[in-house]
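Listed below are the residues making up each chain.
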Amino acid sequence: MQFANIITLTTDFGLKDPYVGQLKGAILKYNISARIIDICHSIPAHDILTAAVTIRTSYNYFPKGTIHLVIVDPGVGSQRRILAATAGKHLFIAPDNGALSLLFKDNMIQTVHRVENASLFPSEISSTFHGRDIMAPIAAAVAGGMSLDKVGPAAKIISCTHLNLPEPVISETAIKGQVLHVDRFGNIRTNITTADLSKFQPASFSGIRIKGHTVSNISNTYSDSPSGSLVAVIDSAGYLEIAVNRGSAARLTECCIGDPLVVLMEGS
Amino acid sequence: MQFANIITLTTDFGLKDPYVGQLKGAILKYNISARIIDICHSIPAHDILTAAVTIRTSYNYFPKGTIHLVIVDPGVGSQRRILAATAGKHLFIAPDNGALSLLFKDNMIQTVHRVENASLFPSEISSTFHGRDIMAPIAAAVAGGMSLDKVGPAAKIISCTHLNLPEPVISETAIKGQVLHVDRFGNIRTNITTADLSKFQPASFSGIRIKGHTVSNISNTYSDSPSGSLVAVIDSAGYLEIAVNRGSAARLTECCIGDPLVVLMEGS
Amino acid sequence: MQFANIITLTTDFGLKDPYVGQLKGAILKYNISARIIDICHSIPAHDILTAAVTIRTSYNYFPKGTIHLVIVDPGVGSQRRILAATAGKHLFIAPDNGALSLLFKDNMIQTVHRVENASLFPSEISSTFHGRDIMAPIAAAVAGGMSLDKVGPAAKIISCTHLNLPEPVISETAIKGQVLHVDRFGNIRTNITTADLSKFQPASFSGIRIKGHTVSNISNTYSDSPSGSLVAVIDSAGYLEIAVNRGSAARLTECCIGDPLVVLMEGS
Chain L
1 MQFANIITLT TDFGLKDPYV GQLKGAILKY NISARIIDIC HSIPAHDILT
51 AAVTIRTSYN YFPKGTIHLV IVDPGVGSQR RILAATAGKH LFIAPDNGAL
101 SLLFKDNMIQ TVHRVENASL FPSEISSTFH GRDIMAPIAA AVAGGMSLDK
151 VGPAAKIISC THLNLPEPVI SETAIKGQVL HVDRFGNIRT NITTADLSKF
201 QPASFSGIRI KGHTVSNISN TYSDSPSGSL VAVIDSAGYL EIAVNRGSAA
251 RLTECCIGDP LVVLMEGS
Chain W
1 MQFANIITLT TDFGLKDPYV GQLKGAILKY NISARIIDIC HSIPAHDILT
51 AAVTIRTSYN YFPKGTIHLV IVDPGVGSQR RILAATAGKH LFIAPDNGAL
101 SLLFKDNMIQ TVHRVENASL FPSEISSTFH GRDIMAPIAA AVAGGMSLDK
151 VGPAAKIISC THLNLPEPVI SETAIKGQVL HVDRFGNIRT NITTADLSKF
201 QPASFSGIRI KGHTVSNISN TYSDSPSGSL VAVIDSAGYL EIAVNRGSAA
251 RLTECCIGDP LVVLMEGS
Chain H
1 MQFANIITLT TDFGLKDPYV GQLKGAILKY NISARIIDIC HSIPAHDILT
51 AAVTIRTSYN YFPKGTIHLV IVDPGVGSQR RILAATAGKH LFIAPDNGAL
101 SLLFKDNMIQ TVHRVENASL FPSEISSTFH GRDIMAPIAA AVAGGMSLDK
151 VGPAAKIISC THLNLPEPVI SETAIKGQVL HVDRFGNIRT NITTADLSKF
201 QPASFSGIRI KGHTVSNISN TYSDSPSGSL VAVIDSAGYL EIAVNRGSAA
251 RLTECCIGDP LVVLMEGS
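Protein chains in written order, with the numbering used here: chain L, 1 to 268; chain W, 1 to 268; chain H, 1 to 268.
By construction, these hints were calculated from the structure, which means they are not laboratory data.
Treat the numbers as computed from the prediction; the structure is a model and nothing was measured.
One copy or two, either will do: identical chains are not told apart, so a pair holds if it fits within one copy or between any two.
Result set (SDA-like, lysine to any residue): computed pairs, CA atoms no more than 25 Å apart in a straight line:
#, residue 1, residue 2
1, K89, S123
2, K29, M146
3, K64, G145
4, K64, P122
5, K176, P166
6, K29, S119
7, K16, D38
8, K199, P168
9, K105, D47
From just these sequences and the hints, can you work out the full model?
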């Protein structure tokens, strides 16, 4: 399989330090024509689950053939493996710590290789920055046309680390979910998906309760609700989202990651 | 008219979420060789006026032929139109909500098309992210050489949304303005321009009053004032700016967006 | 010498204002095929020393031929010079205010030119933004193939501004250093290097004291210490770093930039 010369970055490096810049330099050093696109560098430090959600909900907006580096790596320098996994003609390079969990869970991963071909690494490898010293040159080499087989030996999917994502609990009269993410606008992304909702007749929907507030409809768009009031929509990745038209739902409901919400369904 | 394969981004998406990354992916998916440059993603959420000021004071530093996406879109999903407007061989794609107001006000806009050619959109359009699902593919297609006529039908300039910008009030003895923006350095950008000042003889200038402080000269550069003291300069976009040499004018004057200032002129 | 068409940016402009975008536009206006890579825009405002540390510890991860713009410029508009200096087939363009101090100190700079060829500048130069109006077009021209001689006359290295970096004090029984930087993870970078440590026998190392805490070993990797406890490592740039495995050393020790630390050595 041939990959495009495009590499995306999803990390917890933040933007106050030069780590992202160094990572990009290391890619260009091995492949001067590589094109590098930032997905997000604001993953909370060491938060593998947020990295897993981010890459799962974002990779598919990129062209087939894109190579995605996912570097949230609290175990850097230890014996944890580094993986190069393919899904739908995308390649993902990440520590084997669960960062690719949602791709595994949704049965998207097709092949996995261990990143072990030391001939591609620089002569000095920092024990605290494998993203720059191991993952970057590997991504650069594959983006430049190197066969995936040369990355290292194949690995079994079952041998890879899978994180447990908090799953909604579905009963006959309700879906109990929780808050997965609060974005810059104060929009609340939940772990309830259109697939969960479609297990009920639309007519049976009878409201959403979150932190003492009730939302009585699932709308098509934020503007279906008066300015300043709560609205539920299906977000751009297919998850149930609670928002406030021209305002912040997180501020209005005082809601945080992990808080519960319930979608009420009349017995159907 | 032929455009360059360069697309700039001005949004209120922030950098903590993956929205900017998804937007870039959507551009590359339609035009894999497009070059994407960030102007700013830190426009305050839903702040159309700041977006309008940002694109007005920044676009002209880019090469002719550049395509500018301006996505501050609180009405996303509603019936508000999306515009593709040309000015001085630049193309601007934005919701019709006032984001291009200052370009209209300064009579820079030459043509406007409505973005309506659904054959360019992906099969699924999120009602909460038209930047990614409508504006990105359109920008990508035009950057890749598609004729502007294919974007959608022409629109009348007069039919487009114009925001009212707070204008300075000029009398015989004073210019009363207000604070438009406070930058990272604490420099205070006002809405008073060199054009406003040039309505008076330079000799008639007799000081600037802001929040109880007085600045007695307009200097050429920050360093014309002692370290730590207030200085007025004409900023890099032609606006009167109040600064502190090697310090923060906003902190010294406790000044915020919207606060008034007065340029005093002796009767001339 | 021929340079690559890659330009990196290290500035104190932050990301809330459009200055970085305008700078990139100005580069592309003079050289539409230039590739621009951000190293860091979060240098604290006017903090020349942090800029000097950042470029010194980052440039070498980029390919030879890269051009580095380093723009922390509190004296903008004054008579301070602008330099174009070469080191190891990299080019650095910066105000002559100490931003290149560590490259001078480590005897890496080979040639220096003054940036004075006004024929390369735009017709209007803002006195508050020489990065955009002077440094960007010069970098763009050299990246596009212009000979370095055309930038301006050669300058003597000894005539350039050198900042004093706080140096560790080495006695027979201790290295007294200080905290240079605290990164996003709360990792504490000190000014003590492997070169300083190598002046002692490894066996003589008998602990590190920082803010009342003791670290008893220098480890290979964060994971050599239990989760939540202090660990000392050599960081990815060769400096002694104090960290907490999966936590924040800065929070645990309540440590700030400038705080002292001591590496204890048994008399050897």
